[in-house]
Every structure is written in structure tokens, then in C-alpha cells.
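Here's the letter readout for the chains.
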Amino acid sequence: MEVLTTLFWIAVAVSVGMAAGWLFLRVLATALPGRAGRVFRSAPISAGFGMLVILIYLLVAILAPAIAPFSEREVVGGQFLPWDATHLLGTDNLGRDMFSRLVYGARNTVGIAFVTTALAFLLGSVLGLLAAAVGGWLDQVLSRVVDVLMAIPALVFSLLLLTIFGTSVVTLILVIAVIDSTRVFRLARSVGMNIVVMDFIEAARLRGEGLFHLIVREILPNASAPLIAEFGLRFCFVFLTISALSFLGLGIQPPTADWGSMVKENAVLITFGDITPLLPAGCIALLTVAVNFVVDWMLHRASGLKE
Amino acid sequence: MTDTKFGQVSRRGLIKGATAMTAAGLILPFGAGGALAEPKRGGILRLAQGSGSTTDSYDPATWDSQFVQVLNTARCGFLTEIAPDGSLVGEVAESWEATPDAKVWRFKIRKGITFHSGKDLTAEDVIASINYHRGPDSKSAAKPIVDPIVEITTDGPDVVVFTLEAGNADFPFIMSDYHLAILPANDGKIDPTSSDGCGGYVVESWEPGVTARLRRYENYWKPNRAWFDGIEMTAIHDAAARQNALITGEVDVIDPVDLNTVALLQRAPGIRILSTTGTQHYTFAMDTRQAPFNDNNVRLALKYAIDRQELVDKILNGYGSVGNDHPIGPSQRYFNKDLPQRTYDPDKAKYHLKQAGLDSVSVQLSAADAAFPGAVDAALLYSEKAAAAGINIEVVREPNDGYWSNVWMKKPWSAVYWGGRPTEDWMFTTAYAAGAAWNDSFWDHPRFNELLVAARSELDEDKRRAMYYEMQEIVSNEGGVVVPMFASYVMAMSDRVAHPEQVAANWTLDGFRAVERWWFA
Amino acid sequence: MSKIWIMIAKRLGLGVLTLFAISIIIFLATELLPGDLARSILGQSATEETVAAFQRELGLDQPAHVRYAQWLWGAVQGDFGTSLANRRPIADLIGTRLANTMFLAIYAAAIAVPLSLILGIMAALFRNTWFDRGANAVALSAISFPEFFVAYILIFVLAQSGLFPSMARIDSTTTFADALYKTFLPALTLTLVVTAHMMRMTRAAIINLLASPYIEMAQLKGMPPARIILVHALPNALAPIITVIALNLAYLITGVVVVEAVFVYPGLGQLMVDSVSKRDIPVVQAVALIFAAAYVLLNLLADVLATLSNPRLIHPK
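Residue numbers (full-length UniProt numbering), protein chains in the order written: chain A, 1 to 307; chain B, 1 to 521; chain C, 1 to 317.
For the record, the hints were derived by calculation from the structure and aren't laboratory data.
For clarity, every value in this text was computed on a predicted model and none was experimentally measured.
Even glycine gets a Cβ: it sits at the ideal position worked out from N, Cα and C.
Take the hints with a grain of salt, since some may be wrong.
As the list claims (entries may be wrong) - If you anchor each label on the Cβ, the simulated ranges turn out as follows:
| no. | chain 1 | residue 1 | chain 2 | residue 2 | range |
| --- | --- | --- | --- | --- | --- |
| 1 | A | R41 | C | S161 | 43 to 51 Å |
| 2 | C | S161 | B | K119 | 45 to 53 Å |
| 3 | A | A13 | B | K410 | 46 to 54 Å |
| 4 | C | V138 | A | L174 | 29 to 37 Å |
| 5 | B | S360 | A | R41 | 58 to 66 Å |
| 6 | B | D229 | C | L12 | 49 to 57 Å |
| 7 | B | N186 | A | L174 | 52 to 60 Å |
Said to hold, decoys possible - Just some of the chain B residues that point at chain A, by a computed CB distance under 10 Å:
| no. | residue |
| --- | --- |
| 8 | A240 |
| 9 | Q243 |
| 10 | D258 |
| 11 | L265 |
| 12 | N317 |
| 13 | G374 |
| 14 | E384 |
| 15 | V395 |
All chains, please: the whole structure from these sequences, using the hints.
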């Protein structure tokens, strides 16, 4: 019976999500003029849903102080209070308002994850494509350095670095970005290698195109699909890295709310079937799914498939 | 000498009457059994603990985590043992006596104790075992507590004589320290890599950081101990994994229990929670040499700005009691009952700030869960409440890794855990005496130091009590340490496991001795 | 083909250099960490005197470069020394744990790799249908939960009901079948953690090729979609897929410390974390080198396979 009820609610959630996604697309398609409107008219519902979720997250992140009834650090009552009108989602282990912390968590977590992933991609894909395009000793040097860095397990490596350099938000972002960029580098290089042996690159080289032009105009567009797919995932991995680091006591400094640490703080409750830890984990999951739905759509458009 | 209640032991009794106390100590727990069944032999106890590292070893100089402490207490014997009621009984030592100035101590070694290897335990073994922790080349964590020993000699085949640099009435208590295991000697030296011991259990296998398997030692000299046929100890670091192992019946006892969910665990069928309150306390230690902590008014302001009851409720979930800014617990012999309990009072905190010439103050408080479970959360609650008094506490979460070497006594204000010591003198000497290695507030109070030395060799019970009362008052009012709470040891077990009605509180797991004191119902 | 062999030989040589570089980095990083073994072992009980005595006993009072040289000299001769903390030979310490780690990694990979390839290919085949979206959403939700949280949920659902043990304790007496049963939950956790990444890369790489003229040609010939994807698209999409699989396999060997902790599984990850926190440098070095070697070899394998899958790479112009 319980299974059926759960299935029923999942079905309801999916239908509501679909309807919202469809509505959102209609609104966009009608509101935006010309070409942009047409793009959205043809977009799948899943992409509409994804964009709607991302938009909501962005609004929540920007308007956090206006939305949250309490501050993220304020102790407002007893521990683990049940859901009620004042505390919409109850309170956490210290008596802080769960809903407010989730709202502020959106701002902190999404912000940090975005900056980190963007940095990692800038560094990783530029160097990776450069290595693929130039080849020779530059490729060798970069690849070997990346090999060395990647061969050290990421979690242990970040543990070492953060213990040495301290755990401010800036070092956290830099350390995760550098470690992540090695993964991006390898992918970018591997994709790039397959492209540089193509005939049109040969042609571009014979035309005497410069290196910058070659990378940005010829290689990047053809390498963008796997890179975009990777971006969608890497973005979400940052949450997980922060969560794992807080498992080792190295995450974001409290009392700043971030979803990764919030999952960690409440995780034990799941052992007793309490769903509180599912809330921050669910926030991460929903965003992950949403981002990747949009990524899929862009991937589809980039592939040039018409169906 | 029939009354062995900790609070009522006379000084003369402590020094002379060890044999009587031994008998009482052994009989008491079983005699008071009540609802619990008589102990019986049999079964393999599966015990899961939250500590244990792959770097653990047999070397008694390095025992630091609960896993090795429990393992080696099962494997080894000690000169003295702290009984469940907190009194001191003999173990390897049958009895002891001191000169009236408490400077020279004679321990009579019990006859008929054998090591697992079959070798008889002799006075030489005792001397080598204690000497291992002494001297310039000692790397032992117990070195500071055996440093006051000037000389150890034998007097006849079964008497060991300790000569101290100054009188210490509590010296036999010190000999119960978990580092000071009696191990077999060869040419006057013990082998720190050997697994031999004279305790109730023989180590069959030990994979450090994972599991240890022990079996009952068939020639163990204590008749009413070591009921289990064997012990299987597992290290489970993750709190949820520990609980799951107990719920699914894969282990019989877990320690510690995650306090956030202890209420939920209690509801699970067939599971019992056991908690003991003793000397374990959590502190926030300030470096009293540094501004602003060098001003006692600031220290007082900080002491008034913490809501102790909230911490006991939210961090300990009620498993503990509020502290009064000194390290002596309510169950201890000379606990100062007359000292008023300090409570959260932002107005008083403001008043003391003003006395220090300040309107507000900003300080950093370093914490990590390595300091004590929930330390970061405790610091956050502190910070929230202190804000009302104009005290801005910035909580800095430090890495768990290397907390004791890089943060504690290095940062100006940090969270600290103390297992506590069985005597007032031992606790004060360890962490509050001027110049002591672990004086983490770098505190130097002339009157306190004077009282400490005087009380150590004071013979009159009332005078001694008065001195310890005054010392607690001084630490509470002028010390550099905020002591918000005394934390209970909280364990959980399947209801197949039975234990005596009185469970020792000097350490967790019945003073590390659950494996030899408990049994299967 | 001889080009491939030359490449392998070159890469193995480079691999040895990589290991050497890593041994220096790890040694330096561990040195840079505040505190040393003596201080960490004695913990709260450390005093200046006892720390100094401990350091003398372990030879930690010698300068760093001397200690590194001593370690390197031993390592080159195949002697990785003994653990500083408990004097056990490192070979003993690592032996069973390495076997355990490899067992769990292979177990998880044996489930995850076929699963993600099949799901990825099907998602590409039925792209933009509800199957595609559903498989994606489920896989993505699974990886957006932190590992320990996935593990807790599995324990709650599958262990508390008594189907599987919540602890994966295996030793030398455990039979193979029993080991498979006992380590099912950790293997399943790891499967959930790595599947989404490989599945999505498979799907993306295939879809990326579907607009190529030769695929359109095949479609125009009336070839069935499944055949187009399996015979024409997949072989050309292999390079990025193999790279991602290699990355995830390396992760299964080197990155599973959290899963080990939750399931009380004695693998190398916990040994590494314990040794780092106690600054037991010889053990840290040995484990780091094993991890690095696994990584280097897997990547070499990935590159060889990727090269073989693309004739243009074998015969560059």
C-alpha cells in the first residue's frame, strides 16, 4: 500500500512538473519575439521544466533574504520541531529554521558550485584543446602534469591541500576547481585529438589560420557537445565534493548554510526512516536533473539532428 | 573499613586498607544485582567502537584511542583498578602502604598471576613496565604522570617500593592509568611489540583499525570476572553504520551512540541505552596570556554569555549535566556543592565587559568535531547567545585532522575534550597547574598553585576538602576555561547483554572493563 | 601495429616518471602538513619532551631530504619499509587490503559498466522519449546524492529488512559466493554512484555523431536505427566513452574511502586516510603509489583502446 501511495505521489509530481514545464515554454514562446520565441516553441517539455526549475533556483538565490522568514544562523526554537505554519519544514538539530536554511543554501551552494565549475572549465578546456591542437612537447608536458595530479585520489588530495592552505571559501573554490580542471582537461584533449585529425582542420591549417582562431572557430564548436554534457555533471559533482569534504570536517565554514553539509548533518536520521535529510539532498537532485535536461536539449540542438 | 563509598574513604583507609577495599569492590557489583540475572559464562561479545586506527599498536606509550584502551585493558593487568563505585581496589598489587608523608609507597604484588605466555608475574615485570614510561628517552603519553617517581626498587620478591619527589596521597590512583599496563620483562625491559599480557583475555588476532579477536584466558586469576568466552571488537567510525550494525543484530554493543538520534534508537525493539556520568567534560580553553583573554573581566563576561542548559539539551540531548567552569564533577569526592551555579546572564556579561572598559568584543573560537562530538554546533549555539551581550564570537571550524597538534593550545581559544581524572589533584595537576604540559589556558595563579601542593600532602580530611573547595572557586571565577558541560558516556546494547547494576563512570564501557565485567543474560 | 607497441613502451616509461613525481609530491605535501607522526600519535597527550624522544626513535629528527632519499633507496630495491606507527612491514599491511579494494572495484565495475553502456545506447536509440528522460532523471538523482547518503538509504531499505548485511566484513576465510553476498550493498552503492556519468557520456557521444553525413547516408539506405547506432555510430564514439570508463574505474579503486567507512570494509582508502592523519609517511607513500599505478595503467589502457578504435590516430598523416 505504501509503495502505491509513493508511486501515486511520484506520478502527481511528474505530471505537475510536466504541466509547469509546458506552461513555462508557452509563456516564453509567446512573450519572446521572433527567432527566440520559435526556439522555445520547439523545445521539449523536459527542457521547459529544467529552465523553470533553474529560474526558480536563481530567484530564490537572489531574493533569499526576502523569502526566508529567519536568518540562516538564528536559533529559533527547539530541535527537530515538526512542520508547522511558523517553521514550514521544521527545525534542524540546533533549532534553526530548516526552510530558511534551505533558501540561503540555494544562494551559497549554487553560487559556489557555479564559480568553481566555470573556473574548472575555463582552465581545463582551454589547456586541453590547446594540447590537442599544438601537440608535441606542449601536449606531453601538460598531459604528464595532469596525469600526475589526477593519479592522486581527489578526496585525499583536496584534504591535503585544504589542510595546508586553510578552508576559506576562496581556497575551497580554487582547490576544487584545479582538481576538477584536470578531469576536464583530459576529456577536452581526448575529444580534441579526434577532431584535429579531421580534414577540415587540415584545411584550416593550410589556410594559415592562427592557433587561437583554430581552437575557437574550428575545434571548440565541434568539441562543445561532450564538454557541455560534462559541464552539467561536473556542476553537480561540486555539491558532492563539498558534502564529502564536510564528512571529513573540511567543508564550508558554519554557520553558512550549504546543502552538502546539511545532508551530512542530518543524514543519520534516514536510518530511522525520517525524511528530513532528503530535503537538501532533494534540492541538489532536482537541480541536477533540471540542469541536465537543459543540457540535453542544447546537446540535441548542437548535434543538428532534426527529429 | 567496610564503607568504601568514594566520598567517605578516610585518608588512613586509602593508604592502608587496600585488601579490605579489594574484597568489597569485587563483591559490591554482583551483590546489588537486583533485577539482573546472576552472571554466567559463555558467548562471544561483539563490540563495535567509534575509534581505532590502522596505526594503532601494542606499544603502551602510544595508547590514545578508545579501541586500544579497551583492547589492552582486556589483555593486560594494572597495579590498581578503579571499582565501579569509584573506589580504588588492587589488581596486580594485592595491597599497598605509604610512609606518613606519602612519599614512599610499598606495593605488595599478588602471587599466582601468570602471563598468557605462561611466565609468572614478578616484581621485576612491574618495575620494567613502569620504567618504560620514565626517563629522558621515554616517548610515553604517561610520562608526565610518572615523572614524580624518583626511584623504583624491590624489597623482597614480591614488594615494589616507589619513592616520589614529594608526597602524594593519590599515588595508587595514578597506578590505575590505562597506559601503565604490567607487561612481561626480559632483562629489565618490556617488549612493546609483544601481545602478551596478564589480563582476562588473550589476543588471538588484531588487524589494527579493523577487528580484534580475543579469547578468554583459562588461567585468569580473578574468579568472578571475564564471563564471555571471547570478544570480537570492530572499529566502525561512522555513527550511522554503528547504529545499523546494532539494529540489524550484527553487533551486541556499540559505543558511542550518536546523541542526535539516541531517542529514535531507544525505540528500536530489543535495544537498551546505557549512560554513565563521571568526569568527562567539554571545555573552551582560552590563552590567558593573550588579549583580550588576559583580562579576567573578559573571561567572566564570556562565562556568563553561554547558555549551559541549552548546550546540555541540544548537544548532549540531556545526557550530561551543566558545568560550573571548573573540571570537578558532581560525583567526585571533593566537589564544591556550595559554589553557586553560573547561568546565562547577558546583563552580567555586559557588566563585566564594561568593567574591562569595553562595549563589545570580537573573538574567534576554534572548534572541530575532533575536539568533542558536536563541538562545532556547541560553538555556534554559544555564538548565537553571546551576541545578546555584545560579544561577537566568530566560530572557526578547524580540520579534524591534526586538531590536537595544530589547534589546541595553538589558537587563542579552542574547544577541548577531557576524559577527566579520578582525583581532584590529578585533574588540577594535569591541566591547571602553572607550567603543566597540558595547562591549555596557560594559567598561572599563585594562590591556586600554593593550594594544589598543600592539598596533595594534607592529612586532615576537612582541611583538604576546604582547600579543594577554594581551588574550584578560584578556577571558576578566575580561570581561563569555560566548562559548559559534563558529558555522560552513552552506549547502546542488545538486551541479551547484562551488566552489574553499578557501572563504572571513570571511563566509557564500564571504565574500559565491560568486556570482563559484563555477561550474556 | 608496431606504433602501438612503441606508444605503450613510451607511456610505461612515462608512467614510472609519473610515479616518481607523485612520490615527491606526496612526500612534500605530507611534510607540509602541520604536525608529524609523533605529535599525531600522542595526540592530546603530547608534550615537547615525549615528542622529541619519539622523533629520535623514529629518525624523524633527520632532515626531510635524507629521509626521502632513504625511502627512495629502499623503494627502488622493492623494500617499502615498515609502518612508522606500529612497525609492521608495509607489504603485510597492504596485502589483504589491496585484494579487498580490487575485489570491490571489479565487482562494482562488472555491474556498472555493462549497465551504463546498455542504458546509454538505449537512451541514444530512444532519444527524447520518456524512456530517455526517465533513465536520465533516475541516474542523475542517484548521483546527486552523496555516496554515504546513498549507502544509508540502501542500508535502510535492504539491510534493516534483513536481506543483506549492513557491514561488509570479509576475511581470508570468506568464500567467494559469501563475499559476493556480503559486499553486494557497497558494490550497489558504487554502481549507483558511477553509472550516470558513463551512461550520459555514452549517450552524448553517440548522439553527437548522429548528424554526420555517413549516418544520414545509412538512414537513407533504410537501415534500422538500432543497427545504425551499434554498427556505425558506436565504434566512432568509443574514444570519449572509454576515457570516461577509465576515469570511473580509477575512481572505484582510489576514491571509495567513504563507502569503505560506511560499510566497515577494510580497503586501501581507510588505510590512506588513517595514515595521512597520523603522518605515517611510508604507508601514505606506498598506498599513493598503488593508486597512482592503477590510474596510470588504466589510462594507458584507455588510450590504447581509443587509438585502436580510430584508425586515423594509428596512421596520422
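We went through each hint and held it up to the structure:
no. : hint                          : verdict
1   : R41/A <-> S161/C: 43 to 51 Å  : holds (49 Å)
2   : S161/C <-> K119/B: 45 to 53 Å : holds (51 Å)
3   : A13/A <-> K410/B: 46 to 54 Å  : holds (51 Å)
4   : V138/C <-> L174/A: 29 to 37 Å : holds (34 Å)
5   : S360/B <-> R41/A: 58 to 66 Å  : holds (59 Å)
6   : D229/B <-> L12/C: 49 to 57 Å  : holds (54 Å)
7   : N186/B <-> L174/A: 52 to 60 Å : holds (55 Å)
8   : A240                          : holds (4 Å)
9   : Q243                          : holds (6 Å)
10  : D258                          : holds (5 Å)
11  : L265                          : holds (8 Å)
12  : N317                          : holds (8 Å)
13  : G374                          : holds (9 Å)
14  : E384                          : holds (5 Å)
15  : V395                          : holds (6 Å)
The structure is consistent with each of the numbered hints, conforming to all of them.
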